[in-house]
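**Q** If you want the building blocks of each chain, they are given just below.
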Amino acid sequence: MKHTLAVLVENKPGVLTRVAGLFSRRGFNIESLAVGVTENPDTSRITIVVSGDDRVLEQVMKQLNKLIDVIRVSDLPAGESVNRELALIKVGVDSSTRAEVMQIVDVFRAKIVDVGIKSLVVEATGDESKINAMEQLLRQFGIKEMVRTGKVAMNRGAKAVQVEKR
Amino acid sequence: MLDKDPVFKYGDWRIMAKTKMSGAKAVIESLYKENVEVIFGYPGGQVLPLYDALYDADIRHILVRHEQAAAHAADGYARATGKAGVCLATSGPGATNLVTGIATAYMDSIPVIAITGQVPRPLIGNDAFQEANITGITLPITKHNYLVQESGDIPRIFKEAFYIAQTGRPGPVLIDIPKDTQTEIIEFEYPEEIKLRGYKPTYVGNEQQIKKAASLILKAEKPIFYVGGGVIFSNATEELRAIAETIMASVTTTLMGMGAFPSAHPLSVGMLGMHGTRYANYAIQESDLIIAVGVRFDDRVTGKISAFAPNAKIIHIDIDPAEIGKNVRVDVPIVGDAKNVLKTLLKYVKPEHAKTETWNKKITAWKKEYPLSYKKDKLLRPQFVVEQISEVCPDAIIVTEVGQNQMWAAQFFNYKNPRTFISSGGLGTMGYGFPAAMGAKVGKPESTVIDIAGDGSFQMNSQELATVVQNDIPVIVAILNNGFLGMVRQWQELFFSRRYSETCLEGSVDFVKLAEAYGALGLRATKKSEVKDVIEEAVKSGCPTIIDFVVEREENVSPMVPAGAAINEILDLE
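Heads up: the protein sequence lines correspond to chains Z and V, in order. In terms of the numbering used here, the first sequence is residues 54 to 219. In terms of the numbering used here, the second sequence is residues 219 to 792.
In short, the hints are calculated from the structure, not lab data. From a predicted model like this one, the values you see are computed outputs, not experimental measurements. Note that CB positions come from ideal geometry on N, CA and C, so glycine has one too. Heads up, a few of these hints could be off.
As the list claims (entries may be wrong) - Covered by chain Z, according to a simulated footprint, are these stretches of chain V (three or more residues, beta-carbon under 8 Å): (1) 407-416; (2) 631-639.
What the hints assert, rightly or not - Simulated restraints, written as ranges between beta carbons of each label pair: (3) Lys55(Z) x Asn424(V): 40 to 46 Å; (4) Arg717(V) x Gln189(Z): 55 to 61 Å; (5) Ser524(V) x Val200(Z): 41 to 47 Å; (6) Lys418(V) x Val200(Z): 54 to 60 Å; (7) Lys418(V) x Glu188(Z): 56 to 62 Å; (8) Lys55(Z) x Asn453(V): 24 to 30 Å.
To be verified - Residues of chain V clear of chain Z, computed beta-carbon distances all greater than 12 Å: (9) Arg278; (10) Leu281; (11) Glu724.
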């Protein structure tokens, strides 16, 4: 079972090490991790996808909360949140395949951000399954390089993960 | 730079706002603000400015002979007094020598402030001489740690560090101070308030949960308290006693909880777990309600976890939410300070509710049938030594090393008060006892402090004899000398067909001569009849003393739950 956690942390050096170190020390598995600053420059937000049952999830959240630099930890339930990943995919093309690749990119509402004689760089955003599906389709043309950001997520509706709760 | 510092007196009340001083002096001034009276430390290159500032400071510095001992001494001081202990070491090897001591304090939730020097900021990351990434190394064994990146941050960091170490679930905090930040001039202003968005410990238990707990207690016919170090740290021993006597429920303590409830109290069933009493283990296994306070359901306590207390509902009171539900399922979790929660809980229970008479009779019968015992013959057995210490020095602070000595000290001394049993419970650090005893004695000079030691453990930090003599710290080390690494030998005897692989310490030093070589008092007892006399002589001497008790070599700690067994599958060993 996969869970997506939104973790608000102090935007200070070494905080990511503390979070990552905790996962390795307690034997929790990180599926993906994405980090960036929030609307408040003192605060960063880490989105962590972790696999495990409810007990593991509870321990992960409690142990994260114990870190002094962790301000808040929220579990974002799959149905009630917007999940996105970004991928850059470099696809090998020639004059005969370029059009077909561009068509696929179009269908997925992705973008071509670099065009070369022998390659295209595709930028795609979406949830994990969309990126996976697109990767599958592009594979036949030869993927030369691919990079994915890891998932970022946010609650749907007015509910927000903020520093001040209660 | 230092000699240009403005002149001021340390601890001067006038030093309130924006006084200019060096980073090193700011460290000393911060320690003043935190009422630190003593530091255990060892100098070196990257703490030279700090040591220079210490030179005319009004803080006692105790020069140890190995940094590990500084960390243990700070830990022992903290356990004996309840105040944070402070240790100080240089960068690199000085800092890494603290690591075992910091890990020991972390496992047992002890407030220790470890201050280390670091190479100057421009050299960090260059593999400079005596550089070690000590904040990285101690990440998993500190409650929090700091690398000072701006000298101006020193007052804030110290304020936060002491606060974090001593509040919530206590623990060690390390502050790494690059040498160049020690010499820079800063404007010293000690913050009044602490702003930590991510740290707000819960002290008051949820009233609804406490009511739920009370209703379980009122229904219970076979309740038992299972209490640990948390009760001692929150000073909840009176509340515990009051509530136990109100509902007439027995109390079992963990190793860390020794002293939380008087050993001789009729409701006390002593320690539980691997070397606990039979009756504590039986009572836990048969209980219908466990009221767990300030404990963490450690494997040495629970034995085979799936077979632990099969019929019991569990109320778990702890200040650390992460401990609740970590090892066992809990019926009523209560996050809060033990003292607060027990006080509130006491409001909801009345003596007339107690339905424990039949249950208590059963426990009393077990106590009669299966007392802690050892062979009472002519031979000098280690348990006898501990009993004699208990008789001669009933109010002593007992510190232990790790292994058989530790278990006998827990089993055969009659504890009356909290903070009188000091031992490395979680990490099980050999070599802990002697330096920790030194710290305890410094914190509680009026108490008799006795390190109940093994000949193996003691030799891991025996160099501190020089420290106790130089600083006139009259601790007594009672070595239960069996010429073995006794606990490991015991396991080899039981589970490895007496193949004593590398556990024999024959050829050890003559401990009496060793004491004398350092200028301490050395005594020896080889017969039962000599035991009382040497203890009395040691106490009377007022000097640092080693007593070499030459005891039966292959005595075992009994009873014993084999690893992986349920705690009622307990064996008596001869």
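**Q** All hints are to be evaluated individually against the structure, with a verdict given for each.
**A** Going through the hints against the structure:
Counting residues of the stretch 407-416 of chain V whose beta carbon lies closer than 8 Å to any beta carbon of chain Z gives 3, which reaches the threshold of three, so the coverage claim holds. Given a C-beta distance limit of less than 8 Å, the hint that chain Z covers the stretch 631-639 of chain V is violated, as 0 residues qualify and 3 are needed. The given range of 40 to 46 Å is broken by lysine 55(Z) and asparagine 424(V), whose C-beta atoms sit roughly 31 Å from each other. The hinted range of 55 to 61 Å is satisfied by arginine 717(V) and glutamine 189(Z), whose Cβ atoms lie roughly 59 Å apart.
The hinted range of 41 to 47 Å is satisfied by serine 524(V) and valine 200(Z), whose Cβ atoms lie roughly 45 Å apart. Our hint of 54 to 60 Å for lysine 418(V) and valine 200(Z) is violated, since their Cβ atoms are close to 39 Å apart. Between lysine 418(V) and glutamate 188(Z) the beta carbons are some 44 Å apart, a value that contradicts the proposed interval 56 to 62 Å. At roughly 44 Å, the beta-carbon separation of lysine 55(Z) and asparagine 453(V) lies outside the given 24 to 30 Å, and the hint is violated.
Under the 12 Å C-beta cut-off, the non-interface status given to arginine 278(V) relative to chain Z holds; the minimum distance is some 30 Å. Against the 12 Å criterion, leucine 281(V) stays outside the reach of chain Z, whose nearest CB is about 32 Å from its own CB. Its beta-carbon lying about 40 Å from the closest one in chain Z, glutamate 724(V) satisfies the requirement of being farther than 12 Å from that chain.
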